[in-house]
Amino acid sequence: MKVIEVKGITKTYNPDKVPVEALRGVDLTIEAGEFTAIVGPSGSGKTTLLNIIGGLDRPTSGDIWIGGTKLNDMSENQLIKFRQKEIGFVFQSYNLIPVLTTAENTEFVMLLQGRSKSERDTRVKELLAEVGLSDKLDKRPSELSGGQQQRVAVARALAAKPKFILADEPTANLDSASTSNLLDIMEKLNHVEHMTFVFSTHDQRVIDRARRVVVLEDGMIKSDDRK
Amino acid sequence: MVFKLAWRNLWRNKRRTLITISAVAFAVLWSAVLQSIQTGTWDKMIDNMSRFYMGYAQVHSKGYWGEQSLDLGFEPNEVMSAVEGKLPENVDMVPRLESFALASYGLQTQGVLIMGIDLEEENKLTGIGNKITEGTFLKVATSSVIIGDKLAEKLNMAVGDTLVLLSQGYHGQNAVGKYPVVGLVHLNSPDLNKRLVALSLPDAQNFFGMPDLITTYAINLPSKKYLPQTMAVLKTQLDTSLYEVMDYNDLIPELLEAAKLDQASGSLIHFILFLLIGFGLLGTIIMMTKERSYEFGVLTAIGTERLKLAGILWIESVLLGVVGALAGIALCLPIVYYLHSSPIQLTGNMADQYERFGMEAVISTAFNPGIFINQAIIMFVISTVLSLYPVIKSLTLKPIEAMKS
Chain X
1 MKVIEVKGIT
11 KTYNPDKVPV
21 EALRGVDLTI
31 EAGEFTAIVG
41 PSGSGKTTLL
51 NIIGGLDRPT
61 SGDIWIGGTK
71 LNDMSENQLI
81 KFRQKEIGFV
91 FQSYNLIPVL
101 TTAENTEFVM
111 LLQGRSKSER
121 DTRVKELLAE
131 VGLSDKLDKR
141 PSELSGGQQQ
151 RVAVARALAA
161 KPKFILADEP
171 TANLDSASTS
181 NLLDIMEKLN
191 HVEHMTFVFS
201 THDQRVIDRA
211 RRVVVLEDGM
221 IKSDDRK
Chain Z
228 MVFKLAWRNL
238 WRNKRRTLIT
248 ISAVAFAVLW
258 SAVLQSIQTG
268 TWDKMIDNMS
278 RFYMGYAQVH
288 SKGYWGEQSL
298 DLGFEPNEVM
308 SAVEGKLPEN
318 VDMVPRLESF
328 ALASYGLQTQ
338 GVLIMGIDLE
348 EENKLTGIGN
358 KITEGTFLKV
368 ATSSVIIGDK
378 LAEKLNMAVG
388 DTLVLLSQGY
398 HGQNAVGKYP
408 VVGLVHLNSP
418 DLNKRLVALS
428 LPDAQNFFGM
438 PDLITTYAIN
448 LPSKKYLPQT
458 MAVLKTQLDT
468 SLYEVMDYND
478 LIPELLEAAK
488 LDQASGSLIH
498 FILFLLIGFG
508 LLGTIIMMTK
518 ERSYEFGVLT
528 AIGTERLKLA
538 GILWIESVLL
548 GVVGALAGIA
558 LCLPIVYYLH
568 SSPIQLTGNM
578 ADQYERFGME
588 AVISTAFNPG
598 IFINQAIIMF
608 VISTVLSLYP
618 VIKSLTLKPI
628 EAMKS
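For the record, the sequence lines run as chains X and Z. In terms of our numbering, the first sequence has 63 at position 63, counting the first letter as 1, and numbering is strictly consecutive. To convert, take the position in the second sequence, counting from 1, and add 227; that gives our numbering.
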């Protein structure tokens with residue numbers, strides 16, 4: 001089943017001044033349950049592609065469908081609602097809400113979705129157990145290591161029960177042990193819960209574990225290999 | 228969660244938040260204390276005038292208040308019988324005969340207010356008998372007077388001296404008399420202290436040549452809350468083509484106007500104060516918004532509706548203002564209460580200045596919840612208006628641009 005489908009995506013920044021073509025006709029389909037790394041040198045368009053897939057940015061041309069829903073025509077507010085329900089985000093610098101605890105950060109998106117307190121509590125405990133942070137429920141981000149914060153970010157991304165998780169350079173700020181631990185968790189979620197993951201990364205450790213590697217160069221897909 | 232988030236966000240930069248809250252608290256403290264003093268001073272003056280001199284209401288012959296002519300004196304029994312048993316309990320009608328005269332002692336002459344009073348009833352209204360600072364109170368028909376202590380000072384008189392009074396009596400008669408001063412009185416109105424000559428009602432009627440007539444019924448109420456009911460009874464029971472019934476708003480309009488004018492000028496000071504505080508608050512709000520623009524991008528990226536984000540930012544701004552206002556109110560309550568229960572008696576030049584303007588030389592405050600509630604409302608409105616900046620920013624926020632900034 002297609003979770004993500006992009007067709008003929010282009011993205012040009014500053015079209016009226018000094019145009020920069022970040023994406024030049026990208027076609028990509030991601031099936032449910034894939035564990036995909038989008039790789040490429042800096043400036044190749046990885047983050048731009050992820051932003052467009054995540055509904056954070058709009059393409060200059062081309063179409064994008066998520067789970068069969070076309071994003072192109074959605075308003076900004078519709079996109080926010082869509083992201084809240086369908087997409088989980090993991091950012092390079094974790095981006096947890098600093099004033100909320102681990103449990104509250106994980107709960108936050110469910111709260112936005114209007115889930116009941118009991119449902120939220122149960123899911124928070126489950127998720128934080130899955131990422132190995134059951135003993136850190138009441139800690140604030142500043143009291144956690146980088147690896148732990150990123151695991152909370154993964155739990156937060158999963159909390160909304162999204163169709164897939166977009167992770168932009170999720171291991172860029174982590175040491176080897178934390179990277180390995182995070183990848184173990186993501187792989188487990190992918191295998192056990194069939195959660196679809198799409199990463200942008202330069203990290204060889206991530207690339208090695210990915211089952212599909214899409215290489216972008218100069219805004220175009222140079223190769224797309226499944227292992 | 229929204230409130231919790233807003234509250235915790237406020238304390239991310241404790242020092243800045245404390246400084247801002249302190250600034251707001253100080254402004255509210257200053258503003259509430261000033262307003263309480265201003266309102267208290269005017270209230271006291273109006274209350275002194277109405278409770279201890281005018282009464283909260285008066286009855287005269289029609290046209291008397293405009294002309295102040297003795298020829299418009301009236302028979303008190305007529306009025307009394309019309310309202311007897313119909314007024315609320317403990318409401319008294321205090322008869323007076325009031326006019327003006329020249330008072331002379333030695334080489335000094337002074338225009339004075341002559342007040343012929345029913346000793347018992349007057350005492351209930353003004354407590355004049357308890358305000359004798361020297362000598363004794365009046366006795367009925369002893370042809371003696373008591374005078375304001377400041378008037379005695381001005382005329383260089385003492386108890387036992389004789390005052391000569393010269394005036395025009397009923398229907399143009401000459402009114403002349405010599406009266407020994409049996410006591411000096413100090414009332415709460417500096418103006419009255421400078422010009423009051425009081426004598427018993429029969430003596431005044433005799434002096435003005437108008438036996439059995441009075442010019443005024445001052446209405447003595449146990450409290451202001453009885454005024455509407457009392458006015459209603461007086462207006463319905465008395466023939467309004469013959470009598471005029473006036474409450475203190477009609478009797479002392481100049482004083483009420485002056486109070487309003489003074490309060491308006493006070494409002495200008497409060498406005499400037501709040502304007503300054505508003506700018507301080509705006510500075511903090513702009514900083515709080517600018518430094519978190521990346522975070523707002525992340526919040527909308529993960530699905531926080533912009534309206535909800537705007538709500539969080541509005542609550543933060545309002546909390547900043549309202550917490551400051553509540554802190555200010557908490558600080559000023561004991562000060563205002565203390566000044567209310569123990570007014571400061573001014574002395575020296577300051578007291579002279581007050582009395583020159585006809586005000587009692589006392590700093591007292593109004594302990595009026597409305598003043599404190601107003602401060603909180605003003606800060607709520609100011610912080611709500613200032614929150615428009617982050618609210619508009621959040622409502623037009625594009626996550627990718629915010630995260631890039």
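In short, the hints are calculated from the structure, not lab data. A few of these clues could be false.
[Said to hold, decoys possible] The calculated DSS-like cross-link candidates involving lysine-lysine, where the alpha carbons are at most 30 angstroms apart (straight line), are: (1) X:Lys17 - X:Lys139; (2) X:Lys222 - Z:Lys241; (3) Z:Lys241 - X:Lys139; (4) Z:Lys631 - X:Lys7; (5) X:Lys2 - X:Lys70.
Hints and how they fare:
{"no.": "1", "hint": "X:Lys17 - X:Lys139", "result": "violated, 47 angstroms"}
{"no.": "2", "hint": "X:Lys222 - Z:Lys241", "result": "violated, 51 angstroms"}
{"no.": "3", "hint": "Z:Lys241 - X:Lys139", "result": "holds, 19 angstroms"}
{"no.": "4", "hint": "Z:Lys631 - X:Lys7", "result": "holds, 26 angstroms"}
{"no.": "5", "hint": "X:Lys2 - X:Lys70", "result": "holds, 13 angstroms"}
Hint check: violations occur at hints 1, 2; the rest are consistent with the structure.
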